[in-house]
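Using the working numbering, the letters of the sequence shown map in sequence onto residues 1 to 269.
A portion of the hints provided could be inaccurate.
Straight-line alpha carbon distances no greater than 25 Å define the calculated DMTMM-like cross-link-like pairs of lysine to aspartate or glutamate that follow [unchecked claim]: (1) 154 x 105; (2) 154 x 136; (3) 154 x 253.
Cβ pair distances, simulated, as ranges [unchecked claim]: (4) 246 x 101: 45 to 53 Å; (5) 74 x 203: 40 to 48 Å; (6) 156 x 262: 30 to 38 Å; (7) 218 x 61: 18 to 26 Å; (8) 157 x 90: 29 to 37 Å; (9) 108 x 248: 37 to 45 Å; (10) 170 x 191: 28 to 36 Å; (11) 181 x 133: 41 to 49 Å; (12) 230 x 170: 17 to 25 Å.
Read the hints as simulated data drawn from the structure, not as lab findings. Backbone N, C-alpha and C define an ideal beta-carbon position, used for all residues, glycine too.
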Amino acid sequence: MGDHGIFGPRSVTWRVMGEPILLVGGIRALLMQGLHPRAMRGVLQNSALMDPHEAWSRFVRTTEFVRVRTYGTDAEVERAGRRVRKIHHNLTAYDPDTGSTFHLDEPDALRWVHVGEVDSYLSVARRAGVRLTDAEADAFVAEWRRAAEVVGLKAEDVPGSVAELRDYIDAARPGLRLVPEAAHPLRLSLNAPLPPRLTPLRPALPALTLLSFATLPRWARRLYGLPATPVGDLWATATLRTLHTGIGLVPGDVLYSPAARRARRLMAA
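Using the sequences plus the hints, can you model the full thing?
Okay, structure coming up:
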């Protein structure tokens, strides 16, 4: 059957993660991460977000990690996970709220990042029209317990169903906020650091960021100081569906990445 890594052709994850609309889910995940004070400070104090070379390199590394974790072999996933775990363990950040220094691999922050990622991919996929039953949505959340283990968490310590995901987010909400030293992501999108070959995409970044904001829960939008109304929810869902439908008209050999095309062939087989 081959070595298909931690998910494989029978997983819901493979069916969902190859969809290009999940780019919005990835940005939404970063926005969710940004509301956890210690997770955000870990990023702010260990990367030069506005340095074009550093910011782009970090984005490429993160994108490659997501690709390997999703579609790589067991050995590839283990190598990528070992590297990320080592980086998180060695890096530290200072928390001015408590006056303490912490390692980036502390479970609470890693757990929130994991939950924000799973919730974002699932929410955007379903609202965009990717067909998932409630049972398949639960399976997606449960499958991502394997992804949590890759970054050093225990499978049993992260949600295993949509209901557990919602309960965890609700319980975490009192401790969430945008720390004062963090620049607003929407403002950053207006002057996003891009390598020269991608500068033509700069005009689209604010609109893409705005759409990602609109897909957040209303309480999260309020924490970012943005309007949070049912009208915004409807606009976000309608826009996601329109984009997903339009993207679906693009031929598959152009639309999907090589890894996603391979996964689709394996799933069809």
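Hint by hint, here is what the structure shows:
Simply put, residue 154 and residue 105 have alpha-carbon atoms about 13 Å apart, close enough for the 25 Å limit, and the pair holds. The suggested pairing of residue 154 with residue 136 holds, with an alpha-carbon distance near 22 Å, which does not exceed 25 Å. Only pairs whose Cα atoms come within 25 Å are accepted, and residue 154 paired with residue 253 is rejected, the gap being roughly 37 Å. The supplied range of 45 to 53 Å is met by residue 246 and residue 101, whose beta-carbon atoms lie about 48 Å from each other.
A C-beta distance of roughly 41 Å is found between residue 74 and residue 203, which places it inside the suggested range of 40 to 48 Å. In this structure, residue 156 and residue 262 meet the distance hint of 30 to 38 Å, their C-beta atoms being roughly 31 Å apart. Distance hint check for residue 218 and residue 61: the Cβ-Cβ separation is about 32 Å, which falls outside the suggested range of 18 to 26 Å. Between residue 157 and residue 90 the Cβ separation comes to about 22 Å, which falls outside the hinted range of 29 to 37 Å.
A beta carbon spacing of about 39 Å between residue 108 and residue 248 agrees with the range 37 to 45 Å that was offered as a hint. A C-beta distance of roughly 35 Å is found between residue 170 and residue 191, which places it inside the suggested range of 28 to 36 Å. Between residue 181 and residue 133 the C-beta distance comes to about 43 Å, which sits within the given range of 41 to 49 Å. The hinted range of 17 to 25 Å is satisfied by residue 230 and residue 170, whose Cβ atoms lie roughly 19 Å apart.
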